[in-house]
Amino acid sequence: MTTYLVIAALLLIGMLVVQISKANEYINTLRGEDAELDTDKINGVLWLIFTVLFLVGIFWSTWYFSPLFLPESASEHGHWIDTMFNITLALTGIVFVLTQAALGWFAWKYHGKKGKLGFYYPENNKLEMIWTVVPAIALTILVVVGLYYWFRITGPASADARVVEITGKQFNWLVRYPGPDGKLGTSNWKLIDETNAVGIDFKNKDGLDDVMPTEIHFEVNKPYLLKIGSRDVIHDVGLTHFRIKMDAMPGLPTHFKFTPTITTDEMKKITNNPAFDYELCCDYLCGKGHSAMKMMVYVDTKEQYQVWLKKQPSFFDSAIKGTEAEKKAFATVTEKVSTEKGSDHSNH
Amino acid sequence: MDAKDLHHGHSEHHSGAVITDHVHYQDTEGVIRFEADHGHHDNDRNKKNFIHTYIFSTDHKMIGKQFLITGIIWAIIGGGLSNIFRMQLGFPDVPLHFIGTVFGDQWAPGGKMTPDFYNMLITMHGTILVFFVLTAGLSGTFANLLIPLQIGARDMASPVLNMLSYWFFFLAGAVMFTSFFVPSGAAGVSWVFYPPLSAIREAAVGSETGADLWLVSMALFIVSSLLGGLNYITTILNLRTKGMSMAKLPLTIWALLITAILGLLSFPVLLGAAILLIFDRSMGTSFYLDKIYMSGIGAMPHEGGNPILYQHLFWFLGHPEVYIVILPAFGIVSEVLAVNSRKPIFGYRAMILSMLAIAALAFFVWAHHMFVTGLNPFVGSVFVFLTLLIAIPSAIKVFNWITTIWKANIRYTPAMMFSVGFVSLFISGGLTGIFLGNSSIDIQLHDTYFIVAHFHIVMGVAAFFGMFAGVYHWFPKMYGRFMNRTIGFIHFWVTFVGSYCIFWPMHYQGMAGVPRRYYSHGAFESFNKFGALSEFITIAAIVVFLAQLLFVFNFLYSMYRGKKVTELNPWKSNTIEWTTPIHPGHGNWDGPLPEVHRGPYDYGKDGEDFIPQTVPMRPGETTHHG
Ligand code: HEM
Ligand SMILES: [Cu+2]
Ligand SMILES: [Cu+2]
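Those protein sequences? They're chains Z and D, same order as listed.
For the first sequence, counting from 1, position 146 maps to 146 in the working numbering; every step adds exactly one.
Convert by adding 1000 to the 1-based position in the second sequence; the result is the number in the working numbering.
Be aware that one or more of the hints could be misleading.
Computed list of lysine-lysine pairs in PhoX-like fashion (alpha-carbon distance at most 20 Å, straight line) [to be verified]: (1) Z/268 x D/1529; (2) D/1529 x Z/126; (3) D/1407 x Z/116; (4) D/1572 x Z/114; (5) Z/269 x D/1529; (6) Z/22 x D/1563; (7) Z/183 x Z/222; (8) D/1572 x Z/116; (9) Z/109 x D/1407.
Derived by calculation from the structure, the hints in this document are not laboratory data.
Keep in mind the model is a prediction, meaning the values are calculated, not measured.
Model the full assembly from the supplied sequences, consistent with the hints where possible.
Written out as structure tokens, the structure reads:
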């Protein structure tokens, strides 16, 4: 019922607009040039009003939403990105206000007037030079600062960085930590099955103590190197608070290094939100479950981290040992993969 | 008749001697025939049957209209789809039972759309609007309509290829339309179609038959673009009337020329990418695939491919494509701004040079869409540099447009409103490109709503504004009638304010990291704080869509009942399309082709409101360009 009412109302409004417009057009045709000049003036004034409201509205809404965007950065490089963002915002903001204001101002001030001609002003090379060189300088600054940070963000991880492997699949994340030996075992996609979700090669001793928890924990202020991959389609490791985004692709391992700087507990205080938690999301469309590929992320103090880590059994012990999978793993691995030394994930 | 005489005795005309005008057309057997022209082109209409005139027409003006009307239909479909998926984002609890009725019940059990259906909607929305509306609809319409009329030619270099270009486009559309109704639905892997999602049928419902049809449709579409582009370039380079040097061409023509060149150089690459993808999908090759384990299937046999390869190929077209979309709008807006400011476009030469610079650079920035694919950081840095370089010619254009309306005597027609609106949008959207072009900032913004805001403002809405400006401005040339101005102004203001309301707030969502292409943001504490804003955006989107229906009404109504054009040159414009009869026949000019003596922008010069291009230079008159 409401649907029909809404449609009827819309049709009515539409007809009203059309009828008024037709009448208006008719009157204007009779009035001739005067009507044209009035139209010019009305639209000129509307341009001025629009421009003022637009600029005010944008300042207001940006201020209003500022608590939500660029949430407190919880990584070291996140601050660099935010700095870059703010520099760019300042520069482009100035250009934005000046150009929009000029446009609106001119659109109002130079609306058509009786007996006037446009000012014949076809070119001015000096002006063209100015607005080529000035943006060029501004952009050079942005490029230089931007690339300085870019190379720091993408540069090699420090030698003591802890490795965490994140693998995407439709539609959840798989994480793997090295065990006490500090080394991730090799893996191979041909070894993947229901149990062995990332295809750890248990022939390789490094893999026997690997841990595969269902949530991610980082220790605060320690450098990390995320090794990122995918089992099936493209996913993307998205960690907004850490300013991290990196595609996860099958057959093409990627990585991202970073240092978390704010623990979950501290962040709860900073955001004044006791329910706050870091989340890992998928940032590249991967199918129907794309918008639900979530994994919880915790940044712990050293003590919290140790407590958590102690509780994690190795994947081999908890899921493979003493099951059919164990026999299968050791039987088939030797035959099937003897030619494949290690895997893409191992030789980073 | 020998080959030299093709094109209506053009050669004679150039030599300034005898003018023998012919109209040619293609008869049903596909043979090109020539018909002596007795100056009454309107008679063509009566002589030829309906099918010749309106369906398989070779008249560039009719083909332009065919592109326009097909484009409008696609725009309604593509825009309508966006309203459906905006409902899911803004009002997910409102049941939409019509989805089941139209598309099949499996897509919306109980009126609640499924994620697969959502993905299908966004994919088709993007594809339809980028390719069918803003490429074919925009370039196709205005290249066809304006090139012969503004350069002083009887028709395109090859009217037959031109007709084929439309019909390939039509076929592409027919295939795409059909794909909505196959059991597995239309493609649902996003308009960029990245493998493996698009390469493995089992990866998504939207990767089944719909994806095959999508690829076939795109292949047909590319053929259409290439036929059109080839023709536009040839025509502009070869069939300009006497005196119409390149330096006297209106900016519309320059823009359409550069657009066609971009298309010709980049679309074949997409065709290659699509063909390799078809191989991977259907013939077991591994161009893009490596080491894949699909749940439910097991390890796939594909090995040795590279998913990034597709992305390089796609964006090698994809980035030029965004300029293919916007350049015709650049041209139209420049022309409309000058005519209605009663002033020359400021910096005619700078405008051409900046378009050339943009076009050249457009081929060397594609990897800025791939900063977070693990691209080598050094390669990334080169693309940062080149990307920010392209902002310079863009800035030049903006400053030149603003200077064009400085000290003008502006006549506000709906076309002029949309042109000024275009400049505002291009500023807003261009500036956000500077954030994205800097790879370090892009880490945060990539694949969020910030991207959606950026490209909708700078490309989507802006190109639509260019199209509207063009339609309102040249409607009198197309149909011999005016569109209703009052409705036009209402259409403008609702669309302009409404579009900012839709897309501006998306920047805030994007800066908060809210990912794009999400069926729902509810699962994430970090992203679900924008419920009210999403509702607001959805309402704005619906209002803007309804305003477009007002435009469509105005268009159709004015075609038959609009105020009649009574003078040849209603906008007091300098360009030569306004020297043709009010209802130009096939062949455009009744008498000889006009001769051109000056550039297109002599407005307000030497105390005269305007001096058409056909007016000879006065003794001692200085020229600024050409
Ligand atoms: C000032 C110049 C511009 C710069 C520096 C710029 C920069 C960028 C960058 C870096 C991206 C990729 C962002 C990402 O995916 O993370 C992007 C996306 C995009 N830009 Fe621009 N841009 C500019 C102007 C334009 C123009 C003029 C258009 C179209 C007419 C355009 C259309 C697009 C589109 C369609 C996308 C997104 C495609 C997608 O991912 O679906 N941009 N822009
Ligand atoms: Cu995913
Ligand atoms: Cu691009």
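Right, here's what the structure says about each hint:
no.	hint	result
1	Z/268 x D/1529	holds (16 Å)
2	D/1529 x Z/126	violated (49 Å)
3	D/1407 x Z/116	holds (10 Å)
4	D/1572 x Z/114	holds (16 Å)
5	Z/269 x D/1529	holds (18 Å)
6	Z/22 x D/1563	holds (10 Å)
7	Z/183 x Z/222	holds (17 Å)
8	D/1572 x Z/116	holds (15 Å)
9	Z/109 x D/1407	holds (8 Å)
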